[in-house]
Amino acid sequence: MAPASSHPSAKTVCVMDASGRLGSALVERLLQLGYTVHASLFNHGAAGDTIGVDAANGSALETGKRLKVFRSDPLDYHSIVDALKGCSGLFYNFEAPNYDEFIVEMEVRTAHNVLEACAQTDTMERVVFTSSVTRRRVEGGSEIR
Numbered sequence: 001m002a003p004a005s006s007h008p009s010a011k012t013v014c015v016m017d018a019s020g021r022l023g024s025a026l027v028e029r030l031l032q033l034g035y036t037v038h039a040s041l042f043n044h045g046a047a048g049d050t051i052g053v054d055a056a057n058g059s060a061l062e063t064g065k066r067l068k069v070f071r072s073d074p075l076d077y078h079s080i081v082d083a084l085k086g087c088s089g090l091f092y093n094f095e096a097p098n099y100d101e102f103i104v105e106m107e108v109r110t111a112h113n114v115l116e117a118c119a120q121t122d123t124m125e126r127v128v129f130t131s132s133v134t135r136r137r138v139e140g141g142s143e144i145r
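Under full-length UniProt numbering, the first residue of the sequence shown is numbered 1, with each subsequent residue one higher.
Don't take each hint at face value.
Stated by the list, open to error - Calculated lysine-lysine pairs in the DSS-like style (CA-CA distance at most 27 Å, straight line): (1) K68 x K85; (2) K65 x K11; (3) K85 x K65; (4) K68 x K11; (5) K85 x K11.
In short, the hints are calculated from the structure, not lab data.
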């Protein structure tokens, strides 16, 4: 395998979910650092599902054509693969719009899809994986976070 510096996609990374606070900040900073960014936006089904897109698009205007926006479904393997094509790195941010008893199952299924897609992407070299899931448990009638 060629060293990362001579790899054609060494400066191309994907940010999933770029519509959240962390994701949109990452997109903006990566563009400032000269990276080409595939910004994968997850549809949360709410009016605020494009948080940060305006900021990212503003950065793209200043940085030329280095921002490519993808609409992805975290449970759709093929939409994830499309966003990852040609990327050497992935910053994965799972920010669910709300948490209920089914969120853990969704998060595990999503993580499996994303990591499987990374494993099948020839150019992928690095993955940074984060999640905003909070753990809650009840002891003595009070909730601990």
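- request: Hint by hint, work out which the structure violates, then give me just those numbers in ascending order.
  value: Every hint satisfied by this model.
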